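2 protein chains.
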Amino acid sequence: MDAETTIFDAARALGIGIKSLCGGKGICGKCKIMVEGGEGALSDLSDAELERLTREEVEKGYRLACRAVVKDSVVATVPEESRTGKQRLQIEGVETLIDLEPLTKKLVVKLPAPSLGDQISDVDRLLRSLKDLYGLRSVKIDYAVLGKLPRVLRESEWTVTAILWDDEEIIDTEGGVTDYNYGVAVDIGTTKIAVYLVDLNSGRTLCSMGFMNPQIPYGEDVMSRIAYSMKGPSALEELQRSVVQGVNEALGSLTEEAGVRLENIYEMTFVGNTAMHHLLLKIDPKFVALAPYTPVVRGALRVKTSTLGLNANPNANAYFLPVIAGFVGSDCVADILATEIYKSKALSFLIDVGTNTEIVIGNEEKLVACSCASGPAFEGAHIEHGMRAATGAIERVKIDPKNLEAECQTVNRSKPIGICGSALVDIIAEMLKVGVIDLHGTFNRDLSNPNIRRGKDGAMEFVLARKEETATNRDITITQRDVRELQLAKAAMYTGASILMKKLGISVDDIERAFIAGAFGNYIDPENARIIGMYPDIPSERVKFVGNAAGSGARMALISGKAKRIAETISRSVNYVELAADPFFQSEFVKAIYLPHQELERFPRVKELLKTHQK
Amino acid sequence: MDAETTIFDAARALGIGIKSLCGGKGICGKCKIMVEGGEGALSDLSDAELERLTREEVEKGYRLACRAVVKDSVVATVPEESRTGKQRLQIEGVETLIDLEPLTKKLVVKLPAPSLGDQISDVDRLLRSLKDLYGLRSVKIDYAVLGKLPRVLRESEWTVTAILWDDEEIIDTEGGVTDYNYGVAVDIGTTKIAVYLVDLNSGRTLCSMGFMNPQIPYGEDVMSRIAYSMKGPSALEELQRSVVQGVNEALGSLTEEAGVRLENIYEMTFVGNTAMHHLLLKIDPKFVALAPYTPVVRGALRVKTSTLGLNANPNANAYFLPVIAGFVGSDCVADILATEIYKSKALSFLIDVGTNTEIVIGNEEKLVACSCASGPAFEGAHIEHGMRAATGAIERVKIDPKNLEAECQTVNRSKPIGICGSALVDIIAEMLKVGVIDLHGTFNRDLSNPNIRRGKDGAMEFVLARKEETATNRDITITQRDVRELQLAKAAMYTGASILMKKLGISVDDIERAFIAGAFGNYIDPENARIIGMYPDIPSERVKFVGNAAGSGARMALISGKAKRIAETISRSVNYVELAADPFFQSEFVKAIYLPHQELERFPRVKELLKTHQK
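Residue numbers (the working numbering), protein chains in the order written: chain E, 617 to 1231; chain F, 617 to 1231.
Rather than coming from a laboratory, the hints here were simulated on the basis of the structure. Possibly wrong hints are sitting among the right ones.
[To be verified] Derived DSSO-like pairs (lysine-lysine); straight-line CA-CA distance at most 27 angstroms: (1) LYS1178(F) with LYS982(F); (2) LYS902(F) with LYS726(E); (3) LYS756(E) with LYS902(F); (4) LYS920(F) with LYS764(E); (5) LYS902(E) with LYS726(F); (6) LYS1227(E) with LYS1049(E); (7) LYS902(E) with LYS764(F); (8) LYS1178(F) with LYS920(E); (9) LYS1018(F) with LYS1227(F); (10) LYS1160(E) with LYS1223(E); (11) LYS847(E) with LYS764(F); (12) LYS756(E) with LYS756(F); (13) LYS721(F) with LYS756(E); (14) LYS756(F) with LYS721(E); (15) LYS756(E) with LYS1178(F); (16) LYS756(F) with LYS902(E); (17) LYS764(E) with LYS847(F); (18) LYS920(E) with LYS764(F); (19) LYS920(F) with LYS920(E); (20) LYS764(E) with LYS902(F); (21) LYS1178(E) with LYS756(F); (22) LYS920(F) with LYS756(E).
From a predicted model like this one, the values you see are computed outputs, not experimental measurements.
My request is simple: use the sequences and hints to build the entire structure.
Right under this line is the structure:
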């Protein structure tokens, strides 16, 4: 072994990651290791170590890995806080391994103080040291940093931490050695926004929260929100401000919870459908809503948080993952990233259920995607007794085939108030199984049961809960109209899947894996969803529920420059299929309105299931 | 000749520049030429020509050069408005030839309208056409453009003009074909600001104006202004706002005068000393004033005008030429650019006289520069009856050797109020010639003349104008203290020149050309300046007065990307000499206080001159 090999060098050669901010120059003090045997085979304690280690640490055998030169065999432990390495990003149902390599990095530099013999500018001095210490030759400094730079350099006596973006731009500087490095990933849903505070040194999510999109009062779905934005520039600004304010409140709560300062958030990533993406960027989303549904911008965007009014480090980069098309947004790109279907040999099916449902089918060779206007029915809107999945919402339903009594489970087990999306899937499937409705979705008028009756307007309805049992003192029912609403919604989804399969020339049996995403999708009963024909008849063992995969993709892009580049490739390479332009759309859609489908042979497994229920 | 060669192609092959915004695609209509013979040898009028040419133009024989295919010999004239080519940039005394090649360009593109079969985003559509039509492959679009882009594209029915910076960034878009393209060059002096409105299509300066730096109330010279900025961040902001407001007022006046709209100013260039540069950028200039006098940033900077509060196109680039050192600013870089001493074989001497005087000596191989704290004496400050060169200021003085009567010429020929800088040079030189003062600058008490007397404080003074002749009803005199002030100022300048010459190992006779710059320098009598020893004894025929060369350099950088690159090279390659660090500074300075110098052999020509005057 080379006489001048340090523990740091030796560990790196062995593939063991030891943390370092200064690249092994004895400045940052982050590469502490504990020597457990063979102390004599190490160089003496250096001045840098005496400065950076406490007396207690020295007594315990701590050294700085970058200063301890190895002369013979040594046994050493790398404590948890000094380790780097692969991070696991857990998302419900899928586990994605990703290397921690954030584009936002901290680098510590110790500069020689200026003198009459060395009068170069503060910026040149900093860049010179970044070149000398880290070999970075083409770094630029953002104008916004220049205001504080001279003070930071001098107050810290020329030891500073530079915050770099992609090894090419200094976005901030801090006096002395600072190592905290935080980022935030945001998934902007039409209905719900999820915000994740992430430690960029470990890749761990420190805390997260979800809240209703504050734009909801301006319109429940994408179309009505776009319509609102069309009232003029001030309406667009109002929408932008409201969502930024919501994110800012979340940033306030999360940083307080984690004991993090807002100015130490150096990067944010954003995903969302194209309309939400445009609205947050204050880009007119009108043309997304009008044929031929073009977005204003597809590629990834990088905007300063201060430009958007976001409360983070004012010079932090807000990175917007690229979208695919007007109705297939960066949330779908993030889904693809998180499920890794883009690099799988297996033919995969991905559906992200929401007000707009995105479907992607394919594998590493080819991916096709479409968007279905599934509407807000699955979120409880346009349904007589529909509601969101809040306390008192019926979320699960079973109907007893003997007496046609519904057994309802509610959110937080409180008295029922209404019906949320997951229960709607159950209700339709259960009513079909017990014969309350037929394959056309029409109520069976021949059944004589108090729960099947004519409602106020004379149309048929099914009673789920009687007023004595409800919190509203009214019967909670599902009407013929509700059933039709659900049929249209699920038909839209199935039609999308069907047309994509046709484009690829595949049948349902070719699909090897299926991912159901969407915060909502997580609570659907998979068998019931299949029974009503929400998606093709894929065997249950091939189906995985992956929860908010879009949020996971946003976090992956946050902690990895490589993930960002992959997202760009995905955005460019996915083939968007415009359903409205497909000649088979109408006829496919009409057939898909049936439960599960007019052509029952497309649902062989459901056909079997129903045989055991329906007569 | 190739059957498909157009007049445009043929002209280009012959090196004749014909204007075109669309690169010869028949879109912009800018390449009109007039056919004077051989019409039959041209292709028939195309649809594009019938659309772009008026009936009258067609009758006169006009064609679009890019549409008219040449089949045989043709005689054609390129009218003035369709010509491109080298532009002359006239500056007083020097004429600099520079190719017109602004980084800010307008490109016209006609995009295919989107359809269900071509749904790419607006940005991708624009970039695709820029690639297809102009071969530009790596263009980015600024976020600020995205707000208006969808509207501009559709209102103009997909024919738009993109404003590009350096073929890489779209900074704005305008509907239809627009060709106006304006820029503004600004020279921020400590005392005076010069603003030039330039047509970037022709390189011509449309109009210009000079005005007092609005920061003057915060401090007359660089040091006192820096001291004010140190009162805190709000003081720095106040200084920044005041100069921006001044420039904005000038922009308002100039655009009104030229009939130009503010949003059609797409680029601005700025030069100034390092302190003025920092103040305009709201960068703390404190450390420029404290040893070792380092600037915060040296290299060129590009900042959006809106960030600085400048009233131009909000997304226009404000380009700050690089500085050299804390006391050698971008104005000096611009001087070097305009005088072209950086590419001359001849050993050149350049002095830019001001409150701080910059001196550069050298040639294409090596340039050395320094800054001398010459103080505000030459601008009339710290002088008993000193004033700026306003109406009533004595600007020229001759003293009759017989009766020692001063003959004074004033600005605008009105009654004298005080003395401005150019007259001070005359007065000292004339007093020396007629023996009122000696080589030490001391008044000759042996002369008996009513104009030589003791003033109120008992010190000697010389009467220039008696109260009966003045507008102030007071005698205007020059005092012993004034003479000393001037001696210190000129000694600082000469010492700088002297130390630079020593660094280069040259003598005054090696200097082949000398450029005297500075708005002030323009009015100095060169012989008198030499007599008092402001600069080395260079023969008058080698001396050129070049006026505001800094302003000329700023305009060159505005109309030429190449000039910008040269400025960067100059900034990096000029060797800055810190006078304070030179061991000979003190002794050289003391000797230079003499008139013209203690070692009279350094001024052989002046020695001869004085012989004819002094006894």
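Could you tell me which of the hints above the structure violates, numbers in ascending order? Violated hint: only 8; rest satisfied.
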